[in-house]
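Residue numbers (the numbering used here), protein chains in the order written: chain S, 29 to 160; chain C, 1071 to 1209; chain Y, 48 to 143.
Simulated from the structure, these hints should not be mistaken for lab results.
It cannot be assumed that every hint is accurate.
[Stated by the list, open to error] For the chain S half of the interface with chain Y, some residues (derived, Cβ under 7 angstroms), not all of them: (1) S59; (2) K65; (3) Y81; (4) T84; (5) V95; (6) A98; (7) A102; (8) G116; (9) S122.
Even glycine gets a Cβ: it sits at the ideal position worked out from N, Cα and C.
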Amino acid sequence: MELTIGAKLLNNYPFLGSLIIFGIGCYTVLSNSNLLKKLLGINIMESSIFLFYVATGNIRGGVPPIVDLAQPEALYINPLPTGLMLTGIVVSISVTGFALALIIKLYRFYGTMDANEIFEIRNEGKNNGSSS
Amino acid sequence: MLDFILKKVVLILLPFIQMFGIYVIFHGHLSPGGSFAGGIIVAVGFICYSLVFGAEKGQEKIPHKITNLIESFGTLWYGLMGLVGVLRGAGFLLNKGAVAVGQPGNLFSGGLIFLITFGVGLKVASTMVTLFFTLTEEE
Amino acid sequence: MAKRLVPILAMILVIMALYVFMLAVAELPPYGNVDNPAHNYVYEHYVNNALEETGVLNIVTAIILDYRSYDTLIEATVLFTSIMAVLITLKKGEQH
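For reference, chain S alone in the conformation it holds in the complex:
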C-alpha cells in the first residue's frame, strides 16, 4: 500500500535530520558576512553530509562490522559508507585548516574579517588608484 509523504519522511528520520542540519549550515553561510562564521556553516553542512552517508549504510538489527570470531554468521551493517566518509572527514579537516590560514592572512592584511567591509576597502583602493 502507498504511504503518505509524511509517513515516508518519518520513516527516513536520519535523512530528515541530516537535511535539517544542512539547512542550518546553509542559512549560516548565506546570512552571515563574517568569514569565520561562513566557515563554521560550511563545517555544519559537511557534518550533515557525513550523517546522511553513514545512515545509508545502516541495517536494522545489524551489528557493527567487527568480525566476531564466536559467531561469524551475524548480520553486519554496511562498512563501505563509513570507510568512504573517513576520506571525507580528512578532506574536510584539510579544507578547514587552509581556509583558517587564508582568513588569518586576510585579517592581517585588511584588519577585519567581515566580507562586506573587505569588499568596500578593496573598491576604495581601486577608485583611488584609477583617479590618481
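Chain S is already provided as a structure; the job is to place chains C and Y on it using the hints.
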C-alpha cells in the same frame, strides 16, 4: 593561563588521554577506531597541554623539528610499506601474501596493516599539532 | 536596509531548497532495510571475505587499508599538501 585547578586537572588527565590515543591506534585492526581517530586523540593531548600551559611550553614538549620529520616521513612510510608487497611477490599495498598476518584476534597480527596504522596515526597527530601551533601563532 | 533583508531572503531560499530535498528524501528506499540497493554484491563480498583475504577483524580497517588502499595513500598526501599550504600561507618574513 594561571589557573591552579585547570593545571592540576590537565596534568592528571594527560597520561590517560595519551594512553587511550595509543591504544586506539594499536587496536585499529581489532576494534573500532584506527589511525585517524587515534592520531587525533594523541594530538588532543598535546593541544590540551599547550592551551593550559601556553604555547611556548607546548612547543618544548613537541618541537617543530620532530613534527616536520614525522610529517615528511609518514607518507613515505606508507609508500615503503606498499613496496614490501611488491618485493615479496604480491601486489602493491596488498596485505595478505606480503608478510605473515598471524592469528586474527591477537594484538600483533594483521601484517602490514598494523605497521601502516602506526605510521599514519603518528602522521595525523603531527598534522593536527602543526595546524594548531601554526594557526595560533602570534605576530 | 538591504542588509536587513539578507537573512530573510536567505531563510526563504533555504526553506524552498529544503522542501525540494524533502520530496527527494521521501522517495528514498526505507531506512535500515536489508534489501536496500546500497547493500549490493560489494557489501556481501566485503563482509564475507574480509577476514580470509586480509587477516584483520575490523572490516572498515580492511577496506580503507587493503581493498581501497590507494585511496588512503592519496588521503595522507592530501593532509601533507594542506599542511604545506598552511605553512606557506602563514610564512613569516616578507609582508606586502
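For each hint, the structure was consulted:
no. : hint : result
1   : S59  : holds, 4 angstroms
2   : K65  : violated, 12 angstroms
3   : Y81  : violated, 10 angstroms
4   : T84  : holds, 5 angstroms
5   : V95  : holds, 5 angstroms
6   : A98  : violated, 12 angstroms
7   : A102 : violated, 10 angstroms
8   : G116 : violated, 10 angstroms
9   : S122 : holds, 3 angstroms
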